[in-house]
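Given the coordinates of chain R, work out where chain Z should sit on it, guided by the hints.
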Amino acid sequence: MPKKLCRWFVANSLLPILAPVIFLCIVEWYRNDAFPFGEIFMELLWGGFYVFSALALIFSLIEDYHIFKMAGIGSLQGAFLMLLVILTLYIFYLIHTEDALYIQNHSFQFILIWLLSAVSATSIKYKILKYKEGVKIK
Amino acid sequence: MKFDFVNLVAIISAIITVVIAFLMTRDVISERKKVKKISVPKEGGNEENRYKKILKATYWLEHERERNCGEHHSDENVYLNRAEVMREKTPFFSYVNEVWQTQKN
Chain R
189 MPKKLCRWFV
199 ANSLLPILAP
209 VIFLCIVEWY
219 RNDAFPFGEI
229 FMELLWGGFY
239 VFSALALIFS
249 LIEDYHIFKM
259 AGIGSLQGAF
269 LMLLVILTLY
279 IFYLIHTEDA
289 LYIQNHSFQF
299 ILIWLLSAVS
309 ATSIKYKILK
319 YKEGVKIK
Chain Z
887 MKFDFVNLVA
897 IISAIITVVI
907 AFLMTRDVIS
917 ERKKVKKISV
927 PKEGGNEENR
937 YKKILKATYW
947 LEHERERNCG
957 EHHSDENVYL
967 NRAEVMREKT
977 PFFSYVNEVW
987 QTQKN
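For the record, the sequence lines run as chains R and Z.
Plus 188 on top of the position in the first sequence (first one is 1) and you've got my numbering.
Plus 886 on top of the position in the second sequence (first one is 1) and you've got my numbering.
One chain only, chain R, in its complex shape:
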């Protein structure tokens, strides 16, 4: 189960950010013999890509929505996830409307909100995987 949980987390949170970064770095390497991984990574990150990662983690739980109740996930937790989606979308709105200084000053706060989405989604996924292992569903 830890492997499944790690695989799910990497596929939904890290790969949506790393895949475009590595692709752009390879393109830059062919063009200019440079591999600016750090610069492109930070540019995409503060452009709002980490918002997609948080949303991907939450929306990937829709696949197992039908076993939420059986896995012990109540409607309150579902409502909390929806609240996190709204919060994440609000952050995306702030990134695209506010100035760069505001975003720079609040970058740590945005990371904390992403962390909350990641941890909440991971805890719910853990309960789902625990239920599936208990009834031997694959």
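FYI, nobody ran anything at the bench for these hints, they're computed from the structure.
None of the values given here were measured: they were computed from a predicted structure.
Note that CB positions come from ideal geometry on N, CA and C, so glycine has one too.
Possibly wrong hints are sitting among the right ones.
Claimed, not checked - Lysine-lysine pairs mimicking BS3-like chemistry, simulated, CA-CA at most 25 Å apart: (1) Z:938 / R:320; (2) R:191 / R:313; (3) Z:942 / R:192; (4) R:191 / R:320; (5) Z:920 / R:191.
Said to hold, decoys possible - Distance ranges between label pairs, derived from CB positions: (6) Z:941 / R:258: 44 to 52 Å; (7) Z:913 / R:278: 41 to 49 Å; (8) Z:897 / R:250: 28 to 36 Å.
What the hints assert, rightly or not - Here are some chain Z residues pointing at chain R (derived, C-beta under 8 Å): (9) 892; (10) 893; (11) 895; (12) 896; (13) 899; (14) 900; (15) 902; (16) 903; (17) 906; (18) 907; (19) 910.
Same frame as chain R, but now just chain Z:
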């Protein structure tokens, strides 16, 4: 630090994150303790017990004539053939026979 809505939400998020992480860690640790208690190692394992039972059963069959002091079949091959057929009929029996022959040699 200017106390606006985003800062307030970030503080609340940090608290909730710590609480959720703590609860999940506690759950994982308790599950691992349960699994450790349940998994008791069996003596010899299932396969070895099965092998011993089958070996015992076929040994009993082979020495039936000796135990009955020759009253049933005069030819002891009848009993030996029965044991051989029993062993050859299923893969596990033939495995037992192979192991037994190796041990005898």
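Hints and how they fare:
no.: 1; hint: Z:938 / R:320; result: violated, 37 Å
no.: 2; hint: R:191 / R:313; result: holds, 12 Å
no.: 3; hint: Z:942 / R:192; result: violated, 45 Å
no.: 4; hint: R:191 / R:320; result: holds, 14 Å
no.: 5; hint: Z:920 / R:191; result: holds, 20 Å
no.: 6; hint: Z:941 / R:258: 44 to 52 Å; result: holds, 46 Å
no.: 7; hint: Z:913 / R:278: 41 to 49 Å; result: violated, 30 Å
no.: 8; hint: Z:897 / R:250: 28 to 36 Å; result: holds, 29 Å
no.: 9; hint: 892; result: holds, 5 Å
no.: 10; hint: 893; result: holds, 6 Å
no.: 11; hint: 895; result: holds, 6 Å
no.: 12; hint: 896; result: holds, 3 Å
no.: 13; hint: 899; result: holds, 4 Å
no.: 14; hint: 900; result: holds, 5 Å
no.: 15; hint: 902; result: holds, 6 Å
no.: 16; hint: 903; result: holds, 5 Å
no.: 17; hint: 906; result: holds, 5 Å
no.: 18; hint: 907; result: holds, 6 Å
no.: 19; hint: 910; result: holds, 5 Å
Consistency with the previously given hints fails for numbers 1, 3, 7, ordered from lowest to highest.
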